[in-house]
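Use the sequences and the hints to build the structure in full.
Numbering (our numbering), first residue to last: 646 to 815.
Simulated from the structure, these hints should not be mistaken for laboratory data.
Do not take every clue at face value.
[What the hints assert, rightly or not] With beta-carbon atoms standing in for the labels, derived distance ranges:
1. Arg707 / Thr681: 44 to 52 Å
2. Leu676 / Asp766: 29 to 37 Å
3. Lys762 / Pro718: 50 to 58 Å
4. Phe715 / Gly742: 44 to 52 Å
5. Ser672 / Tyr699: 31 to 39 Å
6. Met646 / Thr681: 52 to 60 Å
7. Gly778 / Val743: 12 to 20 Å
8. Leu780 / Lys711: 50 to 58 Å
9. Leu780 / Tyr699: 32 to 40 Å
10. Phe652 / Ile736: 29 to 37 Å
11. Asp766 / Asn684: 27 to 35 Å
12. Gln765 / Lys649: 51 to 59 Å
13. Arg673 / Arg707: 39 to 47 Å
14. Phe671 / Ala771: 23 to 31 Å
[To be verified] DSSO-like, lysine-lysine: derived pairs with alpha carbons at most 27 Å apart:
15. Lys651 / Lys706
16. Lys731 / Lys762
17. Lys762 / Lys775
18. Lys706 / Lys654
19. Lys762 / Lys774
20. Lys706 / Lys722
21. Lys665 / Lys651
22. Lys654 / Lys665
23. Lys706 / Lys650
Remember, predicted model here, so these are calculated numbers, not experimental data.
Just so it is clear, CB atoms sit at the ideal spot from N, CA and C, and this is done for glycine as well.
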Amino acid sequence: MNKKKKFSKWVPHLLTDEQKESRINFSRNFLRRFQTEQNDFLGRIITGDETWVYSWDPETKRQSAKWRDFDEPRPEKVRRKQGALKVMHMIFFDMNGVILRWPVPIGTTINAQYYKKVLQDILRPAIRKKRPGLLESGILFHHDNAPVHTARAVTGWLQVGTAGASSLFT
Numbered sequence: 646m647n648k649k650k651k652f653s654k655w656v657p658h659l660l661t662d663e664q665k666e667s668r669i670n671f672s673r674n675f676l677r678r679f680q681t682e683q684n685d686f687l688g689r690i691i692t693g694d695e696t697w698v699y700s701w702d703p704e705t706k707r708q709s710a711k712w713r714d715f716d717e718p719r720p721e722k723v724r725r726k727q728g729a730l731k732v733m734h735m736i737f738f739d740m741n742g743v744i745l746r747w748p749v750p751i752g753t754t755i756n757a758q759y760y761k762k763v764l765q766d767i768l769r770p771a772i773r774k775k776r777p778g779l780l781e782s783g784i785l786f787h788h789d790n791a792p793v794h795t796a797r798a799v800t801g802w803l804q805v806g807t808a809g810a811s812s813l814f815t
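Laid out in structure tokens, this is it:
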């Protein structure tokens with residue numbers, strides 16, 4: 646029969662041809678701007694994302710494995726309740742390092758209004774303090790195209806509220 650069973654591979658998501666073309670065009674434009682502006686261009690990019698931060702370091706199955714004799718019982722470890730031990734953080738950084746690490750209050754939903762408030766009231770002063778002059782040069786925000794990042798309230802404020810900042814979506 647000369648066949649081999651192959652298992653599916655996890656991929657983050659499947660892209661349509663239109664989405665692939667859009668990413669290629671974005672990458673070409675990005676490269677063109679870098680070739681023209683060099684580090685001035687890279688220095689204006691601020692990347693932002695949200696992530697869960699656990700208050701404990703989850704040990705993998707492989708990490709918890711111990712060498713034992715065949716007649717010895719396997720090691721035991723306490724199962725922790727993960728849900729109560731994690732906090733959502735919003736993190737923003739540029740080529741020089743972290744600008745802001747913001748813990749989202751427990752129970753808060755990150756929607757367009759909350760995201761805009763963080764950009765306006767928390768990130769903007771942090772940029773002024775840590776990267777003087779960067780706001781005036783026109784920031785390029787690099788974030789994924791999650792609905793909260795692409796909402797009109799957010800993109801409109803980025804254009805008007807941050808000296809002509811624009812968004813780079815990936």
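Hints, verified against the model:
For arginine 707 and threonine 681, the Cβ-Cβ distance of about 47 Å falls inside the hinted range of 44 to 52 Å, so the restraint holds. Range check, leucine 676 to aspartate 766: Cβ separation about 34 Å, and the 29 to 37 Å hint holds. Range check, lysine 762 to proline 718: Cβ separation about 53 Å, and the 50 to 58 Å hint holds. For phenylalanine 715 and glycine 742, the hinted distance range of 44 to 52 Å is satisfied, since their beta carbons lie about 51 Å from each other.
The given range of 31 to 39 Å is respected by serine 672 and tyrosine 699, whose C-beta atoms sit roughly 33 Å from each other. A hinted range of 52 to 60 Å holds for the C-beta pair methionine 646 and threonine 681, which are about 57 Å apart. Restraint check, glycine 778 to valine 743: a C-beta distance of roughly 18 Å satisfies the suggested window 12 to 20 Å. Distance hint check for leucine 780 and lysine 711: the Cβ-Cβ separation is about 53 Å, which falls inside the suggested range of 50 to 58 Å.
Between leucine 780 and tyrosine 699 the C-beta distance comes to about 33 Å, which sits within the given range of 32 to 40 Å. The given range of 29 to 37 Å is respected by phenylalanine 652 and isoleucine 736, whose C-beta atoms sit roughly 34 Å from each other. At about 30 Å, the beta-carbon gap between aspartate 766 and asparagine 684 stays in the expected band of 27 to 35 Å. Taking the beta carbon of each, glutamine 765 and lysine 649 are about 56 Å apart, inside 51 to 59 Å as hinted.
Against the hinted window of 39 to 47 Å, the Cβ-Cβ separation of arginine 673 and arginine 707 comes to about 41 Å, which satisfies the hint. Checked against the hint of 23 to 31 Å, the C-beta distance between phenylalanine 671 and alanine 771 comes to roughly 27 Å, which is consistent with it. Annotation: proposed proximity of lysine 651 to lysine 706 holds, straight-line Cα distance about 24 Å (limit 27 Å). The hinted pair formed by lysine 731 and lysine 762 meets the criterion: a straight-line CA distance of about 22 Å does not exceed 27 Å.
Distance check on the hinted pair: lysine 762 and lysine 775 sit about 19 Å apart at the alpha-carbon level, within 27 Å; holds. With a C-alpha separation of about 21 Å, the suggested pairing of lysine 706 with lysine 654 holds against the 27 Å cut-off. At most 27 Å may separate the alpha-carbon atoms for a hinted pair to count; lysine 762 and lysine 774 meet this at roughly 18 Å. Simply put, lysine 706 and lysine 722 have alpha-carbon atoms about 10 Å apart, close enough for the 27 Å limit, and the pair holds.
This hinted pair checks out: lysine 665 and lysine 651 have alpha carbons roughly 26 Å apart, not beyond 27 Å. Between lysine 654 and lysine 665, the direct Cα distance comes to roughly 19 Å. Compliance with the 27 Å bound is thereby established for this hinted pair. At most 27 Å may separate the alpha-carbon atoms for a hinted pair to count; lysine 706 and lysine 650 meet this at roughly 26 Å.
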